[in-house]
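Enquirer: Protein chains in written order, with the numbering used here: chain A, 1 to 252; chain B, 1 to 251.
Keep in mind that the hints were calculated from the coordinates and are not lab data.
It cannot be assumed that every hint is accurate.
Said to hold, decoys possible - Sample of chain A residues facing chain B (criterion: CB under 7 Å; computed from the structure):
#1 V150
#2 R152
#3 F154
#4 A156
#5 D158
#6 A159
#7 F162
Stated by the list, open to error - Mimicking DSS-like on lysine-lysine, the simulated pairs with C-alpha atoms at most 27 Å apart in a straight line are:
#8 K229(B) to K146(A)
#9 K146(A) to K183(B)
#10 K183(B) to K91(A)
Idealized CB from N, CA, C, for every residue including glycine.
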Amino acid sequence: MKLRSRLTNLLGIALMLLLWQLAGQNLGDALLATPVEAARALVATLREPGFWAALWQMMWQMTIGYLLALGIGVPLGIAMGRVPVVDAIVKPWASMFIVVSAAAVVPLFIILMGRGLLFSTAIVFVVTVWYVVVSVTEAARAVSPKLIDVARSFAASDAQRFRHVILPALHPYVMIAARVGFVHALRAMVTAEMFISAGYGGLLNNAGLDLSTAPLFALIVMLMVISLSATTLLRWAADRAAPWYASRTRDR
Amino acid sequence: MTHLSVSNVCKSFGSVPVLVDQSLDVEEGEFVALLGPSGCGKSTLLQIINGLVPADRGTILLDGKDITGRTGAGRGMVFQGADLFPWRTALENVAFGLEVMGVGKAERLEQARHYLHLVGLRGFEEAWPHQLSGGMQQRVGIARAFCIRPSLLLMDEPFGALDVQTRDILQDELVRIWEAERKMVLFVTHGIEEALYLADRILVFSKRPAHVLREIVVPFERPRREEMKLDSTFLELRREISDLLRHDIHA
Chain A
1 MKLRSRLTNL
11 LGIALMLLLW
21 QLAGQNLGDA
31 LLATPVEAAR
41 ALVATLREPG
51 FWAALWQMMW
61 QMTIGYLLAL
71 GIGVPLGIAM
81 GRVPVVDAIV
91 KPWASMFIVV
101 SAAAVVPLFI
111 ILMGRGLLFS
121 TAIVFVVTVW
131 YVVVSVTEAA
141 RAVSPKLIDV
151 ARSFAASDAQ
161 RFRHVILPAL
171 HPYVMIAARV
181 GFVHALRAMV
191 TAEMFISAGY
201 GGLLNNAGLD
211 LSTAPLFALI
221 VMLMVISLSA
231 TTLLRWAADR
241 AAPWYASRTR
251 DR
Chain B
1 MTHLSVSNVC
11 KSFGSVPVLV
21 DQSLDVEEGE
31 FVALLGPSGC
41 GKSTLLQIIN
51 GLVPADRGTI
61 LLDGKDITGR
71 TGAGRGMVFQ
81 GADLFPWRTA
91 LENVAFGLEV
101 MGVGKAERLE
111 QARHYLHLVG
121 LRGFEEAWPH
131 QLSGGMQQRV
141 GIARAFCIRP
151 SLLLMDEPFG
161 ALDVQTRDIL
171 QDELVRIWEA
181 ERKMVLFVTH
191 GIEEALYLAD
201 RILVFSKRPA
211 HVLREIVVPF
221 ERPRREEMKL
231 DSTFLELRRE
241 ISDLLRHDIH
251 A
């Protein structure tokens with residue numbers, strides 16, 4: 001069954017690549033480079049030292065903003081889900097800021113913070129943190145009151161109920177927030193860099209001006225690869241950390 | 001000498017009185033069933049005794065100590081839907097109460113293993129709750145309550161969500177375990193047959209606000225056997241209680 005769904009996946013990808021190839025051959029590489037050309041450009045790009053420097057710069061700056069967003073977003077989300085006062089204070093801000101895209105705040109942030117590390121981490125943080133907050137809040141609110149009653153009936157203290165019921169119940173959802181938050185963070189980081197023409201976003205900018213679209217596709221494919229590997233890694237970590245959840249969702 | 005004494009418990013939810021001046025006593029080693037229609041307030045009484053729900057008035061004494069409004073302290077609760085922690089294995093679920101009490105890991109797991117084996121789940125120590133059937137989950141729930149060695153066991157319609165065959169098997173298992181480790185039991189149910197089969201004494205409750213319509217001392221010998229369900233006294237008692245409840249509903 002699993003093998004069959006894998007095969008179907010591969011078939012879908014092959015079909016897509018075929019369509020892309022046909023369309024590319026008709027439109028020419030100034031409009032739509034074919035996958036073959038994109039693959040060639042990718043190999044060339046990977047050989048450039050500038051590419052690796054840009055990738056490294058993007059990744060470490062993004063990681064700072066991302067970790068900050070998790071470090072603040074997760075506790076804040078738990079507090080909002082469990083303490084009505086905190087929710088009442090923060091909720092309006094969370095629901096307003098969550099719709100603001102990176103592109104909308106970048107100009108303001110450039111004026112406020114310049115174009116350095118502070119700027120890019122701040123963009124990543126602001127875009128990611130609300131997503132984390134909102135999803136963790138929902139999860140914290142949904143912790144089964146029955147299970148909390150079970151813990152109470154065994155005379156568990158507030159701290160014990162937090163440690164033995166609320167935290168483990170939240171664990172899988174925090175991991176999901178981390179996974180989707182990563183994608184948000186990466187997107188925000190690329191957008192920010194495109195505005196200031198630095199790092200990986202800068203490369204994307206330059207490639208966009210090129211006469212061939214192949215190098216642009218190569219860079220986009222690399223972004224997809226990064227995002228996919230990171231989320232796969234995070235999923236693997238989540239499954240290791242919460243085997244009960246992994247086993248329950250696998251059986252389904 | 002263990003003893004439970006509940007006196008003059010009152011409880012209203014908003015303006016709806018659920019319990020008015022209820023008192024009851026349970027003697028050492030006695031199995032008491034609280035029988036009544038759904039929603040009559042018998043579960044609320046159990047939760048007040050457990051300490052999960054505060055009473056408006058009244059006191060609860062367990063072995064002479066006032067435990068009104070407090071949880072823990074000598075009481076083990078079996079919940080209707082088992083309500084196991086999905087992130088704990090069967091063994092860790094059973095050990096939960098001891099962990100909260102601060103018992104060391106090796107010690108509590110050894111105790112938990114003993115009770116898990118007692119409820120017939122040898123070999124399922126490392127199973128996750130979602131991998132167990134409803135009946136097996138409730139066995140874990142029973143082991144979890146026994147594992148803290150409570151002097152009073154509280155059971156809130158523990159077999160209500162199970163199919164008839166599983167319920168019959170678990171009733172027998174419960175009797176077997178309880179006969180090996182006699183403690184006071186308060187067993188909430190709306191099943192007349194279940195109450196007669198399990199209990200030493202049945203308190204038949206009215207519809208809301210709940211009060212005791214009649215107290216029935218069950219005359220059957222222990223150990224109880226499946227055949228007694230066909231005994232003429234059993235059938236007669238069953239009809240009597242059934243009439244009593246039906247009268248009350250239409251009164």
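Enquirer: Let me make sure I understand: some of the numbered hints might not hold for this structure. Which ones are they, in numerical order?
Expert: 5, 6, 7, 8 and 10
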